[in-house]
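*Asks:* Read top to bottom, the protein sequences are chains A and F.
Counting in the working numbering, the first sequence runs from 1 upward without gaps.
Counting in the working numbering, the second sequence runs from 1001 upward without gaps.
The reader is advised that the hints may include incorrect statements.
20 Å max Cα-Cα, derived SDA-like pairs, lysine to any residue [stated by the list, open to error]: (1) A/K769 x F/Q1195; (2) A/K755 x F/T1176; (3) A/K365 x F/A1199; (4) A/K724 x A/F734; (5) F/K1060 x A/G766; (6) F/K1155 x A/G417; (7) A/K579 x A/D554; (8) A/K365 x F/D1134; (9) F/K1138 x A/A325; (10) A/K365 x F/Q1041; (11) F/K1167 x F/R1044; (12) F/K1058 x A/Y695.
One-sided and incomplete, this derived list gives chain F residues near chain A with beta-carbon spacing under 8 Å [unchecked claim]: (13) F1055; (14) L1227; (15) N1233; (16) G1236; (17) Q1241.
Simulated coverage check for chain F against chain A, where a stretch passes if three residues somewhere in it have a Cβ under 8 Å from a Cβ of chain A [claimed, not checked]: (18) 1025–1039; (19) 1057–1066; (20) 1179–1185; (21) 1195–1206; (22) 1213–1222; (23) 1252–1264.
Read the hints as simulated data drawn from the structure, not as lab findings.
A virtual CB, placed ideally from N, CA and C, is assigned to each residue, including glycine.
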Amino acid sequence: MKKRAILASLLCLFIIQAGRAQNEPQYTLSGYIKDGSSGEELLYANVLEPTTSAGATTNLYGFYSLTLPAGQYELTFTYLGFQSLTRTITLSADTELNVELTPSSAVLQEVVVTDKAANESVKQVAMSRIALPIEDIKKMPSLMGEPDVIKTIQTLPGVTSAGEGTSAFFVRGGSADQNLVLLDEAPVYDVSHLFGLFSVFNADIIKNAELYKGGIPSKYGGRLSSLLEVTTRDGNAKQFSGSGGIGILAAKGTIEGPIVKDKASFILAGRRSYADLYTRNSEQLDGTAVIFHDLNAKVNWKASNKDRFFLSAYSGRDIWQFDDAFQMDWGNTTTSFRWNHLFSERLFSNLTLIYSDFDYALQDKDAVQGFEWVANQREASLKQDMTFFLNPDITLKFGYQGIYRRFTPGTITPNGGDSIYETTEMQKQFALDHALYAGAEHQVSDRLSLEYGVRYSLFQNIGEGTVYDYAEPGNNGNIEVVDSTVYGNFDIIKSFQNPEPRFGARFMIDDRQSLKLSYNRMVQYVHLVSNSTVPIPFATWSPSSPYLDPQRADQLAVGYFRNLQDNTYEFSAEAYYKKSTDVTDFVDNAQLFFNPHIVTEFRQGESEAYGLELFLRKNKGSLRGFVSYTWSRAEMDVPGLNADRPFPANHDRRHNLNVAMNYDINGRWNVGANFTYATGRPITLPVGQYEFDGYLANYYSERNGYRLPDFHRLDLSATYEPKKNEGRRWNNSFSFGVYNAYNRKNPWTIYTQTKQDDDGNIIGDGTEKEARMVYLFGAMPYFTWNFNF
Amino acid sequence: MKNIIIILLSVIALSSCDEVIELDIQQAEPRLIIEALVTNQPGRQYVQLTRTIPFGAKEKVPTVSGASVSVSDAHGQVMDYTESTPGYYVPVEAFAGTPGMTYTLHVEVDGQTYTAEEVMQDVPPLDSLSVREDPEEKADPEEEGRFYEVLIYGKEPQETENFYLFKFYRNDTLFTNDGSWIFAYDDTILGGNIQALPAPLYYAASDKARLEMYPITRQAYRYYLDLSSNINNDGGMFSGQPANVRTNIEGGALGYFQASVLHTLETEVNP
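Make the full structure from the sequences, and use the hints.
*Replies:* Okay, here's the thing in structure tokens:
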């Protein structure tokens, strides 16, 4: 009841504002802000009218809209890393104004000190949100020299990883499947290559990556913990250009250019690993080949000043072949088609059609025991997002999303007539997912700004399908099916609906510091069917169903934001508390593959997470970088697990410290360093052993009752760009560095086995056990050559 | 799936190194372990009582002597057991179990009572075994002289849901691949015709090959899967969290009471 009252009063507030706004003649200035060198739209660029301090920020498509009373204005357009531009304009009618900003070269960087946009972190209502320009990601030292969005995300405050060499990330105590990863608005289900050593995002095609950890606007939903929005470049609209690189892991290339100058452009990027070239010829790894590749393509067409179309596609795959006898592969395919339309200078519309597929396959080529096993999940969705720039103080956002989902947990086909297997299909599952949302960004006064809204989600688990009734649904040992119900195509098996309120507030203490508050409720209707700490690619998802409730989370966050020394430094402190219910987990020793009664393996419970995040970033000067520190806790309480006692989440790490620094020596040499420290991850260790039928089993008492030793690592990098030859477009650069510079043996996991010598021969009579700690990477140097033209 | 995890772990092993460590842990108090089997063959019934030991301990697991052990069937007939060697109990009078019969195990140790119940499972026997030379293995045998495969023939009854435990012996030694492999299967993806399915180990000429097939309950099948997960766990990175093995024993002991018809096939490897 209280919540409803707050919403109602907020609604009144903006109606009053709207009424007031109509008293004097107002006109709207709108347009796109672009990079003058490539024609690429700039996201979150700023336009400011200094006397009234009215302003606007471009959206995900580089579009801004600013409504002002008639008059003459001097407007400043700014974007980090670009020269600011001032335009004088007389506003006497709705006006379209597209501007192009020039990138600031190294020499001009000092000029940018007056850049007002750097104050954005203090001024924006949004909190718990970090944008990572790709240039920053590329400057970080990396494993084998592959710049990696996900690995960079793992260094941010509030984000933990389960260990190095993994692409899973955990945001504010949430599990790995609670992150919605969008590539040009299409969800990517598995972001890992080589089981997580690298992520699927080719840095050469990415424009921006932004992580939302909390205060998530009503426009987004579907996952509990975070949203990672990855945006690709549109391609150079002015001239053909290309780039490429060769590293020790993979080679990659990009070409881009105008189809019609300034009207339509394309970009095409590919990446392929070539480790298989070594392994195929290696005696020891005879016949083993490990390959991954990515292909990104995008075209965009500016049909008119009011209409823009984008078609963006991604396809990536890992292929592992063992000795010509066994093969496994997995990959994502995503496609999104978008239509930006301006109904008026103040009403921006984006219609998106999305298709996303994740699939994996296993093939055993043996005649008798051979089979092909395929599994996938697909979704097709339609999204209509509207932005209405009501007046300079209020921007309204509303829209609808509908998704059709199909889950195929697995189909086995025998190799031939001699096979011991028969064709077996695990039951497919289907769902319809709808959401309506409305929200406002509302500047109440010079000091107070609000962002509020609500998302209403409806999820329908639909047929066809058969739902079994069990005598004891949670018993996976003695399964007794007492009844079953058959549902036809599109019959509704079970529906769930939830209002998801979202709220954010920013109060400016003065020009340089602000306080922020946010609350969001998130609901997640799809569940990853994997019980490992790091999700493996052989995992599918399951819809909410009669045996699986939607997961829900409520998060409250408060923050203090401050910029120092004329925005040279940006500091933030945030504290959060997140309570989640019906979080999905699995019974001990769950069997999640080819189990027709998989619902008996599910367990759901509560999770509680809280923490403090400190972040200091230096944005200007030759030395740039950030320091992030997080103190956090994440605890699970799932009936049926750990003898019904609470236990630390798999990714619960008390302290996390990351320091990333980059120093531009003279415009040609650039050096970087990255230091990471984290409390060791929780681990379940045996506290006894016993024999059963000759096997040596472990006895455990407490789930996640112990911790691995602390993790720390230093990475170093250097990039050399030879002096540019004027008049020639060819540029190249050399990057080299070392991962884990001081060769720290960082524990990855601990496993146990019958006591063996180093050659794997059993020591003694085979009744003794030992524990072994696994280390992944020692000091690993790398070298990469990059070029562009 | 088990194989995939094993392949995965070996791939990880290629890019990693590991070393033996001492665990800094709070060792648990000893707990009773009951390993019990009833079959349809006289002489193939036993109950073994041991206890847990601290993890990594060098000593042998202690046997538990002086327990009172018996098995009763649904008709109320009680078979008393006697301790033949320390911790190893056998029926006083040999008996043959009946398929479909519910058996109840009673164990009394130090005034504590432990019970378990299981229904004896049965399936039709397998048809036969044959022997074949594997030329690839012969060219480069992992173990000297061992390059003969033993092939299994039989029918899997498709109309019933069955669970199996297989044990493979070479010259009366149980094959476990150094204590890590357990051969428990369900029939979800199995077809009806098992033709020339190779046993998972190689034999040398004149080796004795024996195959034991134990039809088991779903609960027993899950017990063996749990045991396999427990033994082959990677610490919870790519596998699930390490966990205790379930039990059908009530009263606080670990272990399992299994009741199966026993089907045995034997052959001598005579190429």
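*Asks:* Confirm or reject each hint.
*Replies:* Results for each hint:
For the hint pairing A/K769 with F/Q1195, the CA-to-CA distance comes to about 38 Å; that exceeds 20 Å, so the pair is violated. A distance of roughly 15 Å separates the Cα atoms of A/K755 and F/T1176; the hinted pair therefore holds under the 20 Å criterion. With a CA separation close to 17 Å, the supplied pair A/K365 and F/A1199 stays within the 20 Å bound. Of the pairs offered as hints, the one joining A/K724 and A/F734 holds, with about 14 Å between alpha carbons and a cut-off of 20 Å not exceeded.
Straight-line distance between C-alpha atoms of F/K1060 and A/G766 comes to about 10 Å, which keeps the hinted pair within the 20 Å bound. Between F/K1155 and A/G417 the CA atoms are separated by roughly 15 Å; this keeps the pair inside 20 Å, and the hint holds. A threshold of 20 Å between alpha carbons decides the hint, and for A/K579 with A/D554 the separation of about 5 Å falls inside it, so the pair holds. Using a Cα cut-off of 20 Å, the hinted pair A/K365 and F/D1134 holds, with the two alpha carbons roughly 17 Å apart.
Proposed proximity of F/K1138 and A/A325 is supported: the alpha carbons are some 18 Å apart, at most 20 Å. Between A/K365 and F/Q1041, the direct Cα distance comes to roughly 39 Å. Violation of the 20 Å bound is thereby established for this hinted pair. The straight-line distance between the Cα atoms of F/K1167 and F/R1044 is roughly 14 Å, inside the 20 Å bound, and the hint therefore holds. Distance check on the hinted pair: F/K1058 and A/Y695 sit about 16 Å apart at the alpha-carbon level, within 20 Å; holds.
A least Cβ separation of about 4 Å between F/F1055 and chain A falls short of the 8 Å threshold, and the interface hint therefore holds. Using the Cβ-Cβ criterion of 8 Å, the hint placing F/L1227 at the interface with chain A is satisfied: the shortest such distance is roughly 6 Å. The beta carbon of F/N1233 comes within 6 Å of a beta carbon in chain A, closer than 8 Å, and the hint placing it at the interface holds. Annotation: interface hint on F/G1236 holds; nearest CB of chain A at approximately 5 Å, less than 8 Å.
The closest approach between the C-beta of F/Q1241 and any C-beta of chain A is roughly 5 Å, which is under the 8 Å cut-off, so the hint is satisfied. Residues of the segment 1025–1039 of chain F with a Cβ under 8 Å from some Cβ of chain A number 8, which satisfies the need for three, so the listed coverage holds. Given as covered by chain A, the segment 1057–1066 of chain F passes the check, having 4 residues with a CB less than 8 Å from a CB of that chain where 3 are the minimum. Residue count for the segment 1179–1185 of chain F with a Cβ under 8 Å from a Cβ of chain A: 3. That meets the three needed, and the coverage hint holds.
With 4 residues bearing a CB less than 8 Å from a CB of chain A, the segment 1195–1206 of chain F meets the requirement of three and the coverage assertion stands. For a cut-off of 8 Å, the count of residues in the segment 1213–1222 of chain F with a CB near a CB of chain A stands at 4, and the three-residue condition holds. Residue count for the segment 1252–1264 of chain F with a Cβ under 8 Å from a Cβ of chain A: 3. That meets the three needed, and the coverage hint holds.
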